[in-house]
Amino acid sequence: MSNEIVQVQRSRIENIGALPTIPGTLKRISAIIEKPRVTLDEISHFVANDPALTTKVLKMVNSAAYGFPGRISSVSHAIMLLGLNVVKGLLLGISVFEIMEKVMSGLWNHSLACAVASRMIAEKKGVKDPEEISIAGLLHDLGKVILILEYQTQYETAMQETLQKGITIYEAERTLFSDTHSNVGMWLAEKWRFPKNLVEVIAYHHNPMLSKTAPMETAIVHFSDILIRARGVGFAGDPFAPALSPAVFDMLNLSEKDIKDVLARVEESIDATEDLAL
Amino acid sequence: MPRIIVGNLVAGMKLLKPVTDKNGMILLSEGTVLTDKWIERIQDMAIEAVYIDGPAQKTIPKEEELARLDERFKHVEDLPNMKLLKKLIKEHIEGLYVQ
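So the sequence lines, in the order shown, correspond to chains C and D.
Residue 1 is where the first sequence starts when you use our numbering, and the numbers rise one by one after that.
Residue 1 is where the second sequence starts when you use our numbering, and the numbers rise one by one after that.
It should be emphasised that the hints constitute simulated quantities derived from the structure, not laboratory data.
Note that the structure is a prediction, hence the values are computed from the model and not measured.
Every residue, glycine too, gets a C-beta built ideally from N, C-alpha and C.
Check before you lean on any hint, since a few could be wrong.
[Said to hold, decoys possible] Label pairs and their calculated CB-CB ranges:
1) C/Ser73 to D/Ile26: 24 to 30 Å
2) C/Ser105 to D/Ala46: 20 to 26 Å
3) D/Glu77 to C/Glu4: 31 to 37 Å
4) C/Met80 to D/Asp36: 44 to 50 Å
5) C/Ser105 to D/Leu16: 25 to 31 Å
6) D/Lys14 to C/Gly106: 39 to 45 Å
7) C/Pro246 to D/Ala67: 48 to 54 Å
Could you build all of it, start to finish, from the sequences and the hints given here?
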């Protein structure tokens, strides 16, 4: 194995439509989402033309486990209730992780559980728009999908290194790639014109104290990510619980009961989300 | 009475409820023991999940679950707050096995 660091090129990642490994659905969704002023109509129309996608979106927004209001019968209805950003996030989540489940089995479950935990902590902390934090939990590992699709061999090496050296996948990425999944995810989130808070959560979920505009949201997803991995739900690249930022722990100030409530909610959602396997 | 998604079916599982198509027509009756051939057909019908007879999927013994927990925490146990986190998850897992 060579010691050369893989240079991840931002321009190449951003030009996602031209990446040969990216499947058509994601390219089409990407093209819609990156439009500066994409309208409700355009999104509804796009989704309506893809019955499989419609079914998945509606299944997701109506899932009690996922915490959305329920009984949403159309995509336009979902956009009205949840907001364009949440629906954009869902569309991406669905299309990205459908691919991911084929390459890294378990990442979809990890992400869903993270969305459930993030939402519940957001509610406990009284953060407004818990749906948006839910989406942030769902999409925080977006960069892994793209890295693994684009640099499959090297990413497999990274995953092996986690086992050999007893390190996390994030640490392995840092030694093997010029940029980690959090940077790659951030580039795409910016390209797709996600709200600033969502961009920050994706960018800083491993360094939550760097977040300037969304410290609470980032802290919540950081905590959820680690909690879910510590609980052993799904798979995110390595089999270890990463260290929790002490500052985040203090900031969230969750009681033991709070944490157990979150674990219980996640447990309930695991059975229910079997249905959401895409 | 677990509902199992089609991708996770294995031969030998027994149907708790009949498998029907979207019009309610019965394709396989309850009690059918699945074979690879049946599973393949179910997949071809674009059915998502079926009900399988048997205990809920607490398939991993508690000791194994707890051993895995130790394994996940082995590099971080002494870091701040990780002992507490591990303790809470351990209690949570133990709670799942209480009948």
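Broken hints, by number: Violated hints (numbers, rising): 6, 7; every other hint is consistent with the structure.
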